[in-house]
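Engineer: Spelled out from the first residue to the last, the chains are:
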Amino acid sequence: MQGAPLQSHPVGALPPPASAALAAEGELKALLGGRVSHAELDRLSYARDMWPLALLWLREGRIPTPPDLIVWPRTEAELQALVALARARKLALIPFGAGSGVCGGTWALRGGISVDLKGFDGIGEVDVAARSVAVGAGVMGETLERHLNARGWTVGHFPSSIATSTVGGWLAARGAGQLSGRYGKIEDMVLSLRVVLGTGAVVETPQRPFLGPDFAQLIIGSEGTLGLITRATLRVHPLAAHRAFRGHEFATVAQGLLAIRTLFHQGLRPAVVRLYDPFDTAFVGSNKGPVEKSSPSERGPMARELLPSLLRTLAPQTLGRPRLFNLATSLLQKSRLILMFEGEEARARDEERAARAICRALSAKDLGEAPGKAWLRKRYDVSFRMSRIFDSGAFADTMEVAAPWEKVLEVYQRVRAAVAPHAFVLCHFSHAYVEGCSLYFSFVGSGGDDAVMRERYAALWGAALAAAVSAGANVSHHHGVGVLKARTYQEQLGEGVHALQALKRSCDPEGILNPGKLAL
Amino acid sequence: MTAVSPQLLQALRHLVRREGDLLVASPYEVRELGQLLQVLAAHRAALGVEVTLSRARLDGVSKPEPQSATVVAQAGVRLGALEQQLAAEGLTLGHLSPGAMALDVAGFLEGPYAGLRSVEGGRLEPVPMAVEAMLSDGRLLRTHASPRSATGPDLMAVVLGGGGQLALLTAATLRCLPRHREHRVAAWSFASTAQALGCLGDALDDGALPASVRLARSGGATHLTATFHGEAGQVERDLDTLGRRAHASGGRGAAAEGAESWAAAPATAGSAPASAAVGAEVAPSGEARSPAPTGGAASSASAASAGSQASAARVREAGSLVFSQTLRQANRLLGRSRALLSQLGSAPTPRPAVPIAPPRAAAPLGEERELRWDAIGAAVDAGRALTLYRLSHASCVVVGALDGGLLLSSPVPPSPLQATFDPHAVLSGAPSP
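These protein sequence lines map, in sequence, to chains A and B.
So the number in the working numbering is just where the residue sits in the first sequence, counting from 1, plus 812.
Quick note on numbering: the working numbering labels position 106 of the second sequence as 95, and the sequence is numbered without any gaps.
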């Protein structure tokens, strides 16, 4: 997307594995007990993640550059041997979890070896006194939660990709879950991690108390460019005894944002905070009282019923001119907030009551428990149904950025204005903190043919990121940087890129780890 | 200080002044710091070797942002003074320990405190939302000021706890909290220390956020005194939570005996740790709190008695705490428990017996240490009276006569990242805060 043009290849005619990689295959098989492949099916499977750009390409029968080889190591010793081999033979290593990223972070831009880490799948005993558990980087999110829930614990990390993402992937991309208001993002949950660096060294970061920098915070978010994460010690919490839901409807987005800020400034920590902008809210049926539908951008949205029919109806008139449609939606005002408090029952109820008082003081309409409960039931739908939008001949993507409170509205307005010429824009505000929140934009667009659509897709991203950054947002709250946002990320880093490069030289002096990501 | 060549002295002439044997650089702006690093690099000299750095003149403070509750403060700003400035704006830095409040921004962020604060759920988070720091080549690292990011490694981490060896902090955007005036103290007694700590752990899980907790063992019971500051509703919820958890853990409400001395007022004013025991005056609460809403007959009785004995007391800030009383009491405990030192979980190195004498201002009593819960429990059972600050499931900052854990005035050891961050070793000689 940004930087060098990305290559795509016909699915039926992949480029052959690079000879340098094939030459290493025998040695790799010896090192890894044969767990090495250059089979076409494997290379196809590991060529892409869930970046919608690849979905656009797939519709045309094309796919990003595949890795030359895929390996499935199971021990740190095997990883160390793998790193030594890659350094000696100048081969790229691309760490791979479950492939649910949306920024191209696991793409093999120039070939290389995809390293599937799902073999690191151990889950340790819960240390009750320390409220922690050691987990292999390859453990799938849902597996981990089921395991812990059965024992009365939770990590509290619930990304919508939970069924198709690994602990290592959460860490590598600095992910967030839907209950971040109470449990924080993944970087707030890590007590320590183990990583095999690009130097071959195995490092286990210290747990408090310790002296010196917290190396874990330098590895979290490094997207595989510094090391291969093998294990993490995560904070666990007792499984919540109670959940208290409430929906509120505000006259405007600004009022809703004020309510969230007031909640956090008064010490309330709802696990879930989601404020939907008017376009999102309108589709929920604000005049029908509590309804059983979740907001469109939550629902795999737009996918099944609303948007396809909308697009079909409006297509000839407006699809090429999303600006008109966005203008129409700007007439809508009402904004819906979903809150969920959880934990010990009496306290969860107390906090919900206190939140209700704050919302009432801001003239919100009380929508009762139903909207929150409906959201909870359908909270994972979105990740699985995105492709239906593509089936309907359109494209969709999401952009999540964060900003301090004084800049949030400006970011919202500028991004909407910048994207309006290219696509329909929806937004919800979630992942709130005392000092700000994230903005989650959904874009839905269409175009005459695939070429026009690709062009429009690229223009949309350029405009959206530039608008967000100019208004004071960062480039990502929890999806990461990957390839998609690499250039904007580097621009925002400014001279700080030299610190990033120093870190890279320390951890991966030959640059074998996930080259081309994070602008490294 | 090593000998300084005439050439270096000449190059530094506008950048340093002589203080006794030392050449002290005290830049008044960030650019001057950059010039200093360039000169040192050109002469293969280093901070902490040829030149001592003071960032005291980097003391600017921005107008706080009321919406995000953040303020930008330069490296040399004293936290105590900043807290007073913030108070006028209705903000606070939150529950920091007295030792932390005595530091400047650079010392708090770069030193062993690593700029951490406790947040709800028994977690820790950095007080800074963003930092500006100078790399060894004079370039500036400015991390983005957003509440959370998924934008590569958190480069702030090269500054936090880094001892100024990888980058030198010049300014930080600090997360503040709205300031509220509600202060409450609640006291509970438990048959065992394990029960007291269990109660605390559960309360942290539930979201309670005590400003400080006093733990002491006497008369066959472990006494827990928790202090809460904050928004009235939040303090109320926290007291309820602690009450329920204490009740469930077999705790009995106690008159806040000794709370006068132990309940530390909010850590204001940049006083040194030893003299930072800001006074607090405890008056019986007007409204007796009912700590346990449910329970069997026996436990209800204890709950009722707890309420009537004003287990929670409203504390007003005052300036008259009898510090010497604290010292005497702690000294007594120190003497009593010295023999039990070896039982401490964190196995202190043996050392010769120290005569028990009234400590001077910088005596170990005022020193803050970071301890894990097992070490805290062992120390309490060994008879120590401890005050816990910056509580988290991982560790707490502890004041009390202790040898274990991590002394929070320890020098920061060299980092393996120095070779790439500071190839000319300009920063690596920097004295740790």
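It is possible that part of the hints are untrue.
[Said to hold, decoys possible] Calculated Cβ distances over 10 angstroms to all of chain A for the following chain B residues:
1) His3
2) Arg33
3) Leu124
4) Pro167
5) Gly190
6) Gly208
7) Gly239
[Unchecked claim] Label-pair restraints from in silico Cβ distances:
8) B:Arg33 <-> A:Ala1263: 44 to 50 angstroms
9) A:Lys902 <-> B:Leu(-2): 47 to 53 angstroms
10) A:Gly1306 <-> B:Asp10: 55 to 61 angstroms
11) B:Glu171 <-> A:Gln1145: 49 to 55 angstroms
12) A:Asp1178 <-> B:Ser43: 43 to 49 angstroms
13) A:Pro817 <-> B:Leu(-2): 52 to 58 angstroms
14) B:Ala180 <-> A:Ala1169: 38 to 44 angstroms
15) A:Glu937 <-> B:Ala408: 24 to 30 angstroms
16) B:Arg33 <-> A:Val940: 49 to 55 angstroms
17) B:Ala408 <-> A:Gln819: 54 to 60 angstroms
18) B:Arg33 <-> A:Ala1270: 31 to 37 angstroms
19) B:Val(-7) <-> A:Glu1307: 28 to 34 angstroms
20) B:Ala180 <-> A:His959: 31 to 37 angstroms
Honestly, the hints are just simulated from the structure, not real lab data.
Here a beta-carbon is modelled for each residue, glycine too, at the ideal position from N, C-alpha and C.
Engineer: With reference to the structure, classify each hint as holding or not holding.
Structural biologist: Verification of the supplied hints:
1. His3: Correct as stated: the minimum Cβ-Cβ distance to chain A is 25 angstroms, above 10 angstroms.
2. Arg33: At about 20 angstroms from chain A, Arg33 (chain B) clears the 10 angstroms cut-off, so the statement holds.
3. Leu124: violated, 6 angstroms
4. Pro167: The claim is violated: Pro167 (chain B) sits with its nearest Cβ about 5 angstroms from chain A, within 10 angstroms.
5. Gly190: Per Cβ check, Gly190 (chain B) is inside 10 angstroms of chain A; nearest 7 angstroms; violated.
6. Gly208: holds, 26 angstroms
7. Gly239: Gly239 (chain B) clear of chain A: closest Cβ-Cβ about 17 angstroms, beyond 10 angstroms.
8. B:Arg33 <-> A:Ala1263: 44 to 50 angstroms: At roughly 59 angstroms between Cβ atoms, Ala1263 (chain A) and Arg33 (chain B) fall outside 44 to 50 angstroms, so the hint is violated.
9. A:Lys902 <-> B:Leu(-2): 47 to 53 angstroms: At 48 angstroms between Cβs, range holds.
10. A:Gly1306 <-> B:Asp10: 55 to 61 angstroms: Violated: the Cβ-Cβ distance is about 39 angstroms, outside 55 to 61 angstroms.
11. B:Glu171 <-> A:Gln1145: 49 to 55 angstroms: violated, 37 angstroms
12. A:Asp1178 <-> B:Ser43: 43 to 49 angstroms: violated, 57 angstroms
13. A:Pro817 <-> B:Leu(-2): 52 to 58 angstroms: Once the Cβ atoms are compared, 55 angstroms apart, the range 52 to 58 angstroms for Leu(-2) (chain B) and Pro817 (chain A) holds.
14. B:Ala180 <-> A:Ala1169: 38 to 44 angstroms: This hint holds: roughly 39 angstroms between Cβ atoms.
15. A:Glu937 <-> B:Ala408: 24 to 30 angstroms: Cβ of Glu937 (chain A) to Cβ of Ala408 (chain B): about 38 angstroms, so the range 24 to 30 angstroms is violated.
16. B:Arg33 <-> A:Val940: 49 to 55 angstroms: Because 54 angstroms falls inside the window, the suggested range holds.
17. B:Ala408 <-> A:Gln819: 54 to 60 angstroms: violated, 36 angstroms
18. B:Arg33 <-> A:Ala1270: 31 to 37 angstroms: violated, 49 angstroms
19. B:Val(-7) <-> A:Glu1307: 28 to 34 angstroms: holds, 30 angstroms
20. B:Ala180 <-> A:His959: 31 to 37 angstroms: holds, 34 angstroms
Comparing the model with each earlier hint shows violations of hints 3, 4, 5, 8, 10, 11, 12, 15, 17, 18; every other hint is respected.
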